[in-house]
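There are 4 protein chains.
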Amino acid sequence: MPHHVAILGASGYTGAELVRLISTHPSIRVATLTGDRKAGQPMSTVFPHLGHMNLPDLIAIDQVDWSGIDLAFCALPHATSQAVVPSVPRHVKVVDLSADFRLHDSDAYETWYGKPHAAMELQQDAVYGLTEFYREDIRSARLVAGTGCNAAAGLYGLRPLFMEKCIDFDDIVLDLKASVSGAGRSLREHLLMAEMEDSVLPYSVGGTHRHLGEFDQELAKLADGKPKVTLTPHLLPSTRGIVMTCYVKGVPERIHAALEKVYGGEVFIHVLPFGQVPQMKHVRASNFCYIGVVGDRRERVATVIVVLDNLTKGSSGQAIQNANLMLGEDETAGLMAAPVYP
Amino acid sequence: MPHHVAILGASGYTGAELVRLISTHPSIRVATLTGDRKAGQPMSTVFPHLGHMNLPDLIAIDQVDWSGIDLAFCALPHATSQAVVPSVPRHVKVVDLSADFRLHDSDAYETWYGKPHAAMELQQDAVYGLTEFYREDIRSARLVAGTGCNAAAGLYGLRPLFMEKCIDFDDIVLDLKASVSGAGRSLREHLLMAEMEDSVLPYSVGGTHRHLGEFDQELAKLADGKPKVTLTPHLLPSTRGIVMTCYVKGVPERIHAALEKVYGGEVFIHVLPFGQVPQMKHVRASNFCYIGVVGDRRERVATVIVVLDNLTKGSSGQAIQNANLMLGEDETAGLMAAPVYP
Amino acid sequence: MPHHVAILGASGYTGAELVRLISTHPSIRVATLTGDRKAGQPMSTVFPHLGHMNLPDLIAIDQVDWSGIDLAFCALPHATSQAVVPSVPRHVKVVDLSADFRLHDSDAYETWYGKPHAAMELQQDAVYGLTEFYREDIRSARLVAGTGCNAAAGLYGLRPLFMEKCIDFDDIVLDLKASVSGAGRSLREHLLMAEMEDSVLPYSVGGTHRHLGEFDQELAKLADGKPKVTLTPHLLPSTRGIVMTCYVKGVPERIHAALEKVYGGEVFIHVLPFGQVPQMKHVRASNFCYIGVVGDRRERVATVIVVLDNLTKGSSGQAIQNANLMLGEDETAGLMAAPVYP
Amino acid sequence: MPHHVAILGASGYTGAELVRLISTHPSIRVATLTGDRKAGQPMSTVFPHLGHMNLPDLIAIDQVDWSGIDLAFCALPHATSQAVVPSVPRHVKVVDLSADFRLHDSDAYETWYGKPHAAMELQQDAVYGLTEFYREDIRSARLVAGTGCNAAAGLYGLRPLFMEKCIDFDDIVLDLKASVSGAGRSLREHLLMAEMEDSVLPYSVGGTHRHLGEFDQELAKLADGKPKVTLTPHLLPSTRGIVMTCYVKGVPERIHAALEKVYGGEVFIHVLPFGQVPQMKHVRASNFCYIGVVGDRRERVATVIVVLDNLTKGSSGQAIQNANLMLGEDETAGLMAAPVYP
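Chains as they are written, first to last, in my numbering: chain A, 1 to 342; chain B, 1 to 342; chain C, 1 to 342; chain D, 1 to 342.
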């Protein structure tokens, strides 16, 4: 018997990506789509590429009939989610794709997001949605917080190195290349095609990117003393995909071994042979994450390169993967499509 | 019980697209991959984005063990296919993606391709693979000839107008915009990123594009006297997708009605409400074809705009759709994934 | 002695392009830059790529000191220009880049722009800025109306064919491919990189594109009876450049001869040898316009392909070319830089 | 009286860029163009975007009449240049754009380029073409070696920090983002539009990029002991432009001060206010180089971001800048055009 889901905030890119992935999911059906500003409109008006599908019209959140809904995907803007989730009936499981429930510490949240959290008790219960590392907690969770897409890319590269203690924790440089869809469907000048095509735009530089809060939280659990991470994001002239280039201090071969050990059994994380590097497009529109490790002419210096699709493995695909666990389905259901290349 | 298929010429883009689509197909399995120049190499060397999959290495065509193979997809270069298909055992059904079996008339073939056909008897048997119009013939065919991707786009727009006789047959202008992947993975200067980005390149102008042979053959069947079609192709600064803008003489509303009538029951062909037009990206990486019709300030002048993905509905998706029919499977199996947007 | 100019509305793309072209102009200096919403800001805040230049800060139009200003470039939004130009002192020549003064007939203006013109007397005086055809009028004009970028592309292809009467006037199809910068620096969803990359978007279809008013006005002068032009614009996944594909009925060789005859002595209009076609990028960021003519397998059918850069020859370059004439300078001053390729 | 130059190897991108820049140069004329494989062809066949110019046809190098030639730009492939330059008459000054004369130490050359140098004596005489730092040597040089485009970007960011000794020399991480035109007009699969669009491709990883030889040579001159530089290049989905993100250890404000001190009087090097970062497109198709410095939440950690156009400031623009010095012209002649944006 299929599970019925609601997608709250379906008028954004992560909402459309959820619909796309569910379109071939064997046991999940879209029962409700909400979009407050666009309430009353058919989905085909907001996303014409879904016009051939038989989807419910967008409604306002307060119009949702929760009876018969098993799970809700919250693809709402940051700060909005924490206002909405408390009102979702307890029988409905929630996978949140916003930043609202990623940080468990309320001070940390306030530091990075500039104001107190509106639903702290839920914040404490929420499970961090990095599936491969919180699988069992997610299985039994009622609320899962989707990770930042850039945080996911970085943590997939770094976490095993912390677990295996094979790098220096106090000198990590992350050079991020991120595609424009990561900024969502928002009308900002720097996201115009004319501004970004054939360009690269550094942003949130100087240690100000909010996903650093996730790095601090997740890596501190594994490190003696706070790890020191520098992150410089660059916006790319591309639509989908993230390349996280991690510069770490350690023995390259040991680093590669650590990644292979931790991800040996994983379906979606693919560690390349030592010395090989992945291309951003190699995972396009898929739930796969490719990781490569190379050494350097300098001793104890290694570069770990992680690529994933910010809209799939970085958000909506990850959300479905977690929903599969929460609903007792095969974790890979609906997510095995090969990358779109070229 | 799954059907086992061979992909001949798997080292090109249509080969990779076949693998991608089969990766989520419920009843088709890839048993053999061939690539003469790359024989002996793992598929992950030729297409690293498939590195996480468990695929057979590429072998030479003459090494194929045909026992247990139900169907072969021929993704070989034009002219090569006609040399290979005759040697495929009769028990193996064939879906050819090259241009070799599209034209039934040997003179027409020689006119457009510059030399006599090497397998004329097969050429006569082959069924033209425009699924929605040759469904029954395809079901029982042993050899199906995949259509040209641009021909498919144009014929989806024009064929119903000929069937319903609602346009002038002797004055049709087709303005084609095609993406670079249509040229395949070939090393030609004009296909370099530096040459094509932010450019548009008219090519095969002046009525020389080979797909005109398909228009002549298919439309002549429906027209009294040879239809007169002008086609001007333009290469786009994009990877996937075709926009065929058809300028025809007829009553716009009647033209729209004809398209709705013919495609009313079709899953993959989506006719937009009158006056609405599709965007190329609305069908990206999917097997769907969107069609829009608009009128003009001039009387009896209409513009029909057809969009599809050249690698999916235009070739590999169409090939799977036809294979589904030939193998007695649901025609839509493995092809219902929503378009990738953005 | 250099001429001093004011650029009104310098915060848009045509404003920035004017500054770029003037940066190497031998006899024009930027004296004043206005931008009402951005008044008070340095130009480097609005356009960081001009940060190394020594430019005046943006001011409000009513703050302009007109003494010592020889000419004003009006790069204001449509409808704003007609409100501002009347207040420009008579000693200042004006080159307007908006649509406000292109149509001489007040009814035609109201038909295409939806409301009465606010400065009709000026509208009558204005000279249409298609330099190669109104050179002498422009030399002595006080107000020149820059043409629509798409109208310029189409008229460069069609005007000689009307002058030489070598095509049918009642059956002209124009298929336009236009880049996103033509829409200006405006925050609209369809102009986002994520929406347009790898896509093509038909727009203003069905004979509704406002530049048709310019075609009607300019071609009617040369035709017995109103010419019949169909125009279908398509937005491209590119930043700069226009390709106008003109489908006309006439003898291709005669059409080519007409273009060569009319443009024989022109510096900026380059007619390719018969049968050759231009690529959009061949004129990138330059004031050149390339034109190619090809025949067809159908008799008396020809395709004329015109390419130019919408921001240069289509607007700001054209504006400088006209300003050169109005100021008594060499028409080509500051405009001879070769195209940027690749 | 104008200087006459020969461009050897004019059929590549740097050759075309030289022609573009010279098209508006007040005192340099193109007298000869060579292209061995394309000898006998008009330049308009090789680069149609130059079709409107009156250029000499391409000839073979041994056909060049050197009388009357003042300077030769060698835009030949690596290794070819060292075979050709010795045969250029002594009265002809040479600006080489290849890698052949960048390294002064023959062992270093052999290490990085895999075989002994064919013209060691010339190699010793050659002046490294980083104009702002070797201005006087270049003025009197007969042979100037153009720098690697990526080396230029990195050295503009690092050299002042070494001169002012405000960073640690033994822990420098350079994350390079480079556009496809840097690889030249070469037919390689990974340079196809279909492969690179919407992708990022790490290459020459693990300390194997040849430009490291230039970093070692140039920085060793300023450091006590060999500096330790890690470089990870990434190919971008763009045509022109380089972003070099330099991760260094030092006081950010002191680093910014060092850059402002060294470049205070420079026309082409623009240091942004502390905390601001440049966008790749801000210098497009221009000879300008923009540099930004930001601090980090970690102490003594700074990010220096350098952007330039690989074909202009990175090679052909730099070559003209050096030629201007060698010919006794104003260093900025022909190079002051503002960047092309958008």
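Calculated directly from the structure, the hints in this document are not laboratory data.
Nothing here was measured: the structure is a model prediction, and the numbers come from that model.
Be careful, since some hints might not be right.
Put simply, identical chains are the same to the list, so a pair is met inside one copy or across any two.
[Said to hold, decoys possible] Straight-line Cα separation of at most 20 Å, SDA-like style, residue types lysine to any residue; simulated pairs:
| hint | residue 1 | residue 2 |
| --- | --- | --- |
| 1 | Lys261 | Gly51 |
| 2 | Lys38 | His78 |
| 3 | Lys226 | Arg298 |
| 4 | Lys228 | Ile22 |
Hint-by-hint comparison with the structure:
1. Taking identical chains as interchangeable, the C-alpha atoms of Lys261 and Gly51 lie at most 20 Å apart only when they sit on different chains, with a minimum of 18 Å there against 44 Å within one chain.
2. For the homomeric pair Lys38 and His78, the shortest alpha-carbon distance inside one copy (18 Å) is at most 20 Å, but the shortest distance between copies (30 Å) is not.
3. With identical chains, the CA atoms of Lys226 and Arg298 are at most 20 Å apart between copies only, with a shortest distance of 12 Å across copies and 26 Å within one.
4. In this assembly of identical chains, the alpha carbons of Lys228 and Ile22 never lie at most 20 Å apart, being 39 Å within a copy and 45 Å across copies at closest.
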